[in-house]
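Trainee: Chain by chain, the residues:
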Amino acid sequence: MALFERVEQMFETVIQQGHGSLALVFLIGVVFGGIIQYTRVDKFEKIAGFAMLKDTIVPKMLFLAVGLTSIGLYFLIEAGGAHYHIKPVMWQGLIIGGTLFGISMAILGKCPGTGPISIAEGRIDVLVGAIGGLLGGLVFTLYYDDFFKPLMGESAGKLILTEFFKGHEHTVVLVYGIVITLIAIAIPKMELYDEADLAQLPEDERPDKKA
Amino acid sequence: MTRLPWWVGGILMSLLLLLTFSVLGADRPIGASTYVPYFAGLIFDLDSEKYSYLKEIQNPGAWEGVMLMGALFGGFITSVFITKSFRISLIPTGWRKYKNNSVLSRLLWSFFAGFIMIIGARLAGGCTSGHFMSGMSQLAVSSMIFGGVVLVVVIVTGRLFYNVKEK
Chain A
56 MALFERVEQM FETVIQQGHG SLALVFLIGV VFGGIIQYTR VDKFEKIAGF AMLKDTIVPK
116 MLFLAVGLTS IGLYFLIEAG GAHYHIKPVM WQGLIIGGTL FGISMAILGK CPGTGPISIA
176 EGRIDVLVGA IGGLLGGLVF TLYYDDFFKP LMGESAGKLI LTEFFKGHEH TVVLVYGIVI
236 TLIAIAIPKM ELYDEADLAQ LPEDERPDKK A
Chain B
10 MTRLPWWVGG ILMSLLLLLT FSVLGADRPI GASTYVPYFA GLIFDLDSEK YSYLKEIQNP
70 GAWEGVMLMG ALFGGFITSV FITKSFRISL IPTGWRKYKN NSVLSRLLWS FFAGFIMIIG
130 ARLAGGCTSG HFMSGMSQLA VSSMIFGGVV LVVVIVTGRL FYNVKEK
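Protein chains in written order, with the numbering used here: chain A, 56 to 266; chain B, 10 to 176.
Any given hint might turn out to be false.
Stated by the list, open to error - Partial list, computed: chain B residues near chain A (C-beta under 7 Å):
# : residue
1 : D36
2 : R96
3 : R115
4 : I125
5 : S146
6 : V150
Unchecked claim - Stretches of chain B that chain A covers, calculated by requiring three or more beta carbons in the stretch to come under 8 Å of a beta carbon on chain A:
# : stretch
7 : 17-27
8 : 71-82
9 : 158-164
Note that these hints are calculated values from the structure, not bench results.
Just so you know, even glycine gets a beta-carbon here, dropped at the ideal spot from N, CA and C.
Sequences are here, hints too, so could you generate the full structure?
Mentor: Here you go:
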């Protein structure tokens, strides 16, 4: 089968699985990419900058998004407007995977969601990272049964925090959402700017020149 | 405005997550790492009947693949018309400042980091989007473990890998 046909099959798979129309899924991506680009959280200076503790925009934005969503989503699910999609607790996979992921995120200064946004704005080094990623995906696929699946270990179940507080679910969700939101606000705001980027802007539109 | 404040970004991302989760939207979380092995299968023409992992990720991989195409498009349009940050570049300014001036070094490290990033994400079953944003929003314990490990490792790596004190 030619590559073109395989891409066509990808569209077909999306249309048939019933998780939104092809146009909607594409549009979700457009908005996702737009938000990431507009807030500049795909930048090396933001992600590697956080690793160096010189920029805190990424954790502030992430924690805020999680805090707000957790409250909204819980009530949406209770009202029947959404469902849980919980990933299982697999200790080995989470710890080994999280460690590899953390190391690479600090070095590349991207993650799999922000990397493509950087490629879209012309960053060749990230494109090279993506080629590495594709090979990583290939190796993972080829050796999944023999090596990676056993490495992930046994599942301890799809646990949710509220399960440990039966009868107090609402309180737990509210406290969790509010605490995470407060963490987002409490993290001191630090920014590491990229002169090469800002030099392309008119003087009065530079975020580093504003109060 | 050429840059969006973090809190506006956080609110918009939250609304997008809720829309995607809702039955009126896609009735699923946002994820952004399953598409990589899916694309690897697509490009290298692997038979999904032969590889159990490809079979497992057929649906989410395709979904994220289309979402990623949208993200590339949205990112490109925004970078050209709004943030005006589009430019071809081989090495980030911050890398020059805190690591070295070598393009080769940056490209080799990028390749290596990209490689272990996808293996790490697939071992853990998610990334910043699937685990940190979507998972922690559902109060998933697995995502909190992942988030905690990544936060610590990112900061330790940043400290060891870069010349943090220079300048």
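Trainee: Compare the structure with each hint and give your call.
Mentor: Outcome of the hint check:
no.: 1; hint: D36; result: 6 Å, holds
no.: 2; hint: R96; result: 5 Å, holds
no.: 3; hint: R115; result: 5 Å, holds
no.: 4; hint: I125; result: 5 Å, holds
no.: 5; hint: S146; result: 4 Å, holds
no.: 6; hint: V150; result: 4 Å, holds
no.: 7; hint: 17-27; result: holds (count 10)
no.: 8; hint: 71-82; result: holds (count 11)
no.: 9; hint: 158-164; result: holds (count 7)
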